[in-house]
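Visitor: Below are the chains, spelled out letter by letter.
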Amino acid sequence: MRGDEADAMMLRCKCGVKNYLDPYPFWNFKGRTRCAGCGAVYAVEIAAGAPVKEPTPATSEQGELLLPGFADTPDWKPIVGGGKTRAAPQARADVYGRPKPIVKNSRGRLVAGRPLKPEELVGSRARYIVEGKEPK
Amino acid sequence: MATKRPARKRNARGNDASGRNQANGREWPAVSNPDFERYCRTTFDPAAKFGKPEVLKGVRVLSCTQYILGPSCAAYLGELGAEVIKIEAPRRGEPMRHSTPGNEGFLYPLSRWVPQSGTGLGFFGANFNESFISMDFHRPEARELMYKLAAKSDIMVENFRPGTFDRWGIGYRQLREVNPRLIYVWLGGFGGWGPGRVRASYDILGQAQGGAFSITGQPEEQGGSPSKHTIWLADYWGGMMGATHALAALYWRDNVSGQGTFIEYSQVHGVSRQLEYALPLYGRHGIIRERWGNWDTQLCVHGIIRCGKSSYPSSDNPQEREEGYILISAYADGDFARLCRVIGKAELARVYKSHDVRVKAESQREIYKVLEEWAKDKTKEQVAQLLERAAILHQPVWNAKEVASHPHWRERGAIFWMDDPTYGDVLSQGPAYKMSETPPRVKWAMKPIGADNEAIYARLCGLSAEEIRKLEAEEVI
Amino acid sequence: MAVTTSDDRPKGGMRGRPPWPATPVPTADEVYASVAEQARNYPAFLESIVHPRDAFKKPEALSRIRVLDCTTGMAIGHWASSMLAELGAEVIQVEPPGGDPLRELTPFGRKEYMVKDKARGEPVGLHFLHEMRNKYSITLDLTKKEGREVLKTLANHVDVIIENATPGLWDKWGIGYRQLSKLNPRLVYAWVGQRGQWGPLKDKPGMRDPVAQAACGFVHGTGDPKEFGGRPTRSGMWMADHVGGTTAAMGIVAALVHRERTSGRGQFVEATAAEGVIRILDYNWVWHGMDGSIRPRYGNWDLAINIYAVNPCKDGYMMVGGGHDRLWYRIWKTVGDEVPGAEEEIIADPNLRNVSERLPHTRQVKTYTLLCEWLKDNTRAEAERKLVRQEVASGGVMAVHEVAEYPHFKYRGQVMEFDDQLYGKVLVGSSPNLAEKVPARLKWLGRPAGYDTEDVYRRLLGLTREDFDRLRKQGVI
Chain A
1 MRGDEADAMM LRCKCGVKNY LDPYPFWNFK GRTRCAGCGA VYAVEIAAGA PVKEPTPATS
61 EQGELLLPGF ADTPDWKPIV GGGKTRAAPQ ARADVYGRPK PIVKNSRGRL VAGRPLKPEE
121 LVGSRARYIV EGKEPK
Chain B
1 MATKRPARKR NARGNDASGR NQANGREWPA VSNPDFERYC RTTFDPAAKF GKPEVLKGVR
61 VLSCTQYILG PSCAAYLGEL GAEVIKIEAP RRGEPMRHST PGNEGFLYPL SRWVPQSGTG
121 LGFFGANFNE SFISMDFHRP EARELMYKLA AKSDIMVENF RPGTFDRWGI GYRQLREVNP
181 RLIYVWLGGF GGWGPGRVRA SYDILGQAQG GAFSITGQPE EQGGSPSKHT IWLADYWGGM
241 MGATHALAAL YWRDNVSGQG TFIEYSQVHG VSRQLEYALP LYGRHGIIRE RWGNWDTQLC
301 VHGIIRCGKS SYPSSDNPQE REEGYILISA YADGDFARLC RVIGKAELAR VYKSHDVRVK
361 AESQREIYKV LEEWAKDKTK EQVAQLLERA AILHQPVWNA KEVASHPHWR ERGAIFWMDD
421 PTYGDVLSQG PAYKMSETPP RVKWAMKPIG ADNEAIYARL CGLSAEEIRK LEAEEVI
Chain C
1 MAVTTSDDRP KGGMRGRPPW PATPVPTADE VYASVAEQAR NYPAFLESIV HPRDAFKKPE
61 ALSRIRVLDC TTGMAIGHWA SSMLAELGAE VIQVEPPGGD PLRELTPFGR KEYMVKDKAR
121 GEPVGLHFLH EMRNKYSITL DLTKKEGREV LKTLANHVDV IIENATPGLW DKWGIGYRQL
181 SKLNPRLVYA WVGQRGQWGP LKDKPGMRDP VAQAACGFVH GTGDPKEFGG RPTRSGMWMA
241 DHVGGTTAAM GIVAALVHRE RTSGRGQFVE ATAAEGVIRI LDYNWVWHGM DGSIRPRYGN
301 WDLAINIYAV NPCKDGYMMV GGGHDRLWYR IWKTVGDEVP GAEEEIIADP NLRNVSERLP
361 HTRQVKTYTL LCEWLKDNTR AEAERKLVRQ EVASGGVMAV HEVAEYPHFK YRGQVMEFDD
421 QLYGKVLVGS SPNLAEKVPA RLKWLGRPAG YDTEDVYRRL LGLTREDFDR LRKQGVI
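Going down the list, the protein sequences come from chains A, B and C. Quick note on numbering: the working numbering labels position 25 of the first sequence as 25, and the sequence is numbered without any gaps. Quick note on numbering: the working numbering labels position 128 of the second sequence as 128, and the sequence is numbered without any gaps. Quick note on numbering: the working numbering labels position 412 of the third sequence as 412, and the sequence is numbered without any gaps.
To be clear, the hints were calculated from the coordinates, so they are not data collected in a lab. For each residue, glycine too, the CB sits at the ideal point set by N, CA and C. Heads up, some of the hints might be wrong.
[Stated by the list, open to error] Only some residues are given here: those of chain A computed to face chain C with a beta carbon under 8 Å:
no., residue
1, A50
2, V52
3, G82
4, A87
5, R92
6, I102
7, V103
8, N105
9, G108
[To be verified] Not close to chain B: a few residues of chain A, all C-beta gaps over 12 Å, as computed:
no., residue
10, P25
11, K53
12, T56
13, G63
14, K104
15, R109
Start from the sequences and build out the full structure, keeping to the hints where you can.
Guide: This is the structure we're talking about:
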């Protein structure tokens, strides 16, 4: 962030991966974390969000091991899951993060849950809803 | 002259006036009145709503609102039968249409001009029963249209920054000339006057600056931090406060004065109204109320504890796989003694003999530790069953699915499947309260931007079909 | 210097109570000193029509209404009657002899926090006092048949009765809606409670908030996610009672409107704390209905909007908000002035280009981790000052003493020291219901139990000295 100074909350591993140590769990933290890219374990000490000292390769198994909340590569490819970063709070088993097109809801009835084309409209409504007929 | 307060009277069965047996708590003082239950089911039957009249039949409300605070205020009036006309920016609509949890759920179309986009679920719940038109308030033509609408309306709700509508020539000062009977409700963050008047506000800023945030959350000593209320509380509840005041103003207008009025509601002001004993305590003693987690500062036992086992360990939904939590309420001496026997620690009732001893901070820490130790190998349902048998009040902490599928809320119409004319089969909340003669009701969830342009502009503003097309093409509407 | 309400006190304690206000209330001249004439025009107009100092020059919306608040042991009914009382109704609180049990509540059982009235020297807890505003107090024992006869006579004199007794109890006693509406067909009768007076989960005696908070899904959804080491969290206050009480007031005023407009009759209103909150649980139900989603806890971040969160900062916790693009870039511009690397990383990341793509959890982790690189070196005041230059809504989480001293709130009377004839000077949160013609107002804070017994019974029922002696001896009043 500021030249060569270590950033407290974003741990840039020597392998290049940026590990995000999210504010709530890591604000006052003394322990270890693991790079999501290469698996290197660092000893980390953060107080009030600021580094007490630079993260260094961990020499022992002392202290809680807390994974980063998220990590991405130098060219912004996300690294998630697989025990590399902490799980996201999920509302469903299958996680999306982008609009999930559906025409039937959780009890199997028609719902206007997917993008429409102009020819599918009757006024401001989807024809398949107006007619109650599942679209092909 | 100080007189001694007479002791609270109890009748022969040891019940005090609240109907609750305080003496030994062994008796379960519920009342058996099945005839009354039948009467209630009939009187408040959600299926019978549409056969009954509406309080605000013939009342018209303009909703020039965004986000949640303003829109919800108008929506509560719509539930009572008012004709509510929501006015949004052409094409784009209002910002809340673009907000949805996790970027996942949208209902389509956003409008007939942009059918490939949808309205986010954040918009749902704040705009029930409304007609939707679009209008660009900046344009000179908009002023004339607003005057026509205001002349025929009873209530105007807006939550733009203070002075914005005044600058555009459609604020209270201008509209009251057009219609002196207009009730003009402005809702916003900090109000339109005073040192903070220029501050923009969102719901959680209202929570944070009003004080509710600082008294909610797990205590510092347990590694917690101040916590927001899940819901857009300052906004949605603020809308209720505004709507209640608007209804009172309507009552006054129609039965006393014949006059409209301006109403100002500041959302952060609402939050600080809710702080219970916090302000008096600070004012008198300099003590600052702090967060106390899931326990209660004034009652013990009256707290939420963790039950160590998940109720649905093999569910594929991570929310269901979490361990359970339950509220236990046993603050009267007899109830507390029974609770101690249930958890196999009868001696605790002697250690914490009176409520004054139990409710101290250090006592609470000990008691809840013992309770969580007892519950650590049980599901919340198992704990509930053990407590039910001992007639101890409790309430499991239910997730959205457990609430949505519970027959109690369904039978009462608090949550129901709605056949929405635009969007299809959607699960929705019902109105917050019930009335026997004129029940509030939800007719439809919402509509796309500008869905009712032709109907409303023709009926209320006298525009011809061609004029409407022209204004739409120019994005005036 | 914060002093907590737990048992940890600083060494040395506090000498005397700190004066309020610690800093003087700003004057109008100070507030608008450097404001240009044109910019001053609208706030000056607003102050001229809604400033609370003029409230007593103006009529009251509900001055024709008389209310009996017969609720005990629960906040929801008192909250509802407060709203009506602040809007001008004559509200008489009917308490059991000895007083409403809520009077005895005080944080951690500390009697020194209670206040004594000047007439009888009876202590009352600050929680109860804060919600007794504008109300009279009479005592009546409804467990006695004679008490119920008195209530029946009183019912002929009032417009509204609110009760929260065990479901079916008043009906069994012959003073339920069915019976009283025959005596007074214009009566609006409201039952309030936690979960309902009918249905599989109807209220059990003694239930109080947070039963409703846990039952409706609010607790499950509030607090830090399990992934952050958190647990479901209740509100620090009896929030569901406040919401439910507001919906009860809304229903009651709606019933009064309908009575005058159309029917000439009262009706039965039912409002519960749980359903009040279910109504405003954002998008929980529609989301669940669409694809089975169970809303997860998300701490102080928001599932539906980024940036819209509270995060730790140098001297506490800081709210920053800005959902759409323009504000997103302005926030990062502010951050970039001090932490250029953070702004660069955000701007360069192609995954953060669109508003909706910023919503998933991974993107929010990155957003707030980098935002905290800046927040850790900025106090709440510094962060707000820098962000307001970019018109970004932000503000710190304020503790109670900061709320009490905030100049904007003092200027508007949002926090005020009320000089009560019976209870002396008490710091309170005032009503947010400001209006040009029918504002809310605070007349007095509270009464000892039964303070107005003789006055009210004499003027409403014509009771004589003999009647009082007899009824007192029988323990009826």
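Visitor: Indicate, hint by hint, whether the structure satisfies it.
Guide: These are the hints, each one checked on the structure:
Below 8 Å, beta-carbon pairs count as interface contacts, and A50 (chain A) has one with chain C at about 5 Å; its hint therefore holds. Below 8 Å, beta-carbon pairs count as interface contacts, and V52 (chain A) has none with chain C, the closest being about 13 Å; its hint is therefore violated. The criterion of a C-beta within 8 Å of any C-beta in chain C is not met by G82 (chain A), whose closest approach is roughly 13 Å, and the hint is violated. Using the Cβ-Cβ criterion of 8 Å, the hint placing A87 (chain A) at the interface with chain C is satisfied: the shortest such distance is roughly 6 Å.
Contact between R92 (chain A) and chain C, as hinted, is supported at the beta carbon level, the nearest pair being about 5 Å apart and thus within 8 Å. Given hint, I102 (chain A) at the interface with chain C, holds; its Cβ is 6 Å from that chain's nearest Cβ, closer than 8 Å. A distance limit of 8 Å between C-beta atoms decides the matter here; for V103 (chain A) the minimum to chain C is near 11 Å, and the interface restraint is violated. Hint status for N105 (chain A) relative to chain C: holds, with the closest Cβ pair at about 5 Å, below 8 Å.
A cut of 8 Å between beta carbons decides the hint on G108 (chain A): the least distance to chain C is about 12 Å, and the hint is violated. Residue placement check: P25 (chain A) does not keep its beta carbon more than 12 Å from all beta carbons of chain B (closest about 10 Å). Under the 12 Å C-beta cut-off, the non-interface status given to K53 (chain A) relative to chain B holds; the minimum distance is some 23 Å. The Cβ of T56 (chain A) sits about 25 Å from the closest Cβ of chain B, beyond the 12 Å cut-off, so the non-interface label holds.
G63 (chain A), annotated as away from the interface, keeps every beta carbon of chain B farther than 12 Å; the closest lies near 16 Å. With a closest Cβ-Cβ approach of about 9 Å to chain B, K104 (chain A) is found to fall inside the 12 Å limit, against its non-interface label. With a minimum CB-CB distance of about 4 Å to chain B, R109 (chain A) fails to clear the 12 Å threshold, and the non-interface call is violated.
Violation of the numbered hints given earlier is confined to hints 2, 3, 7, 9, 10, 14, 15; the remaining hints are satisfied by the structure.
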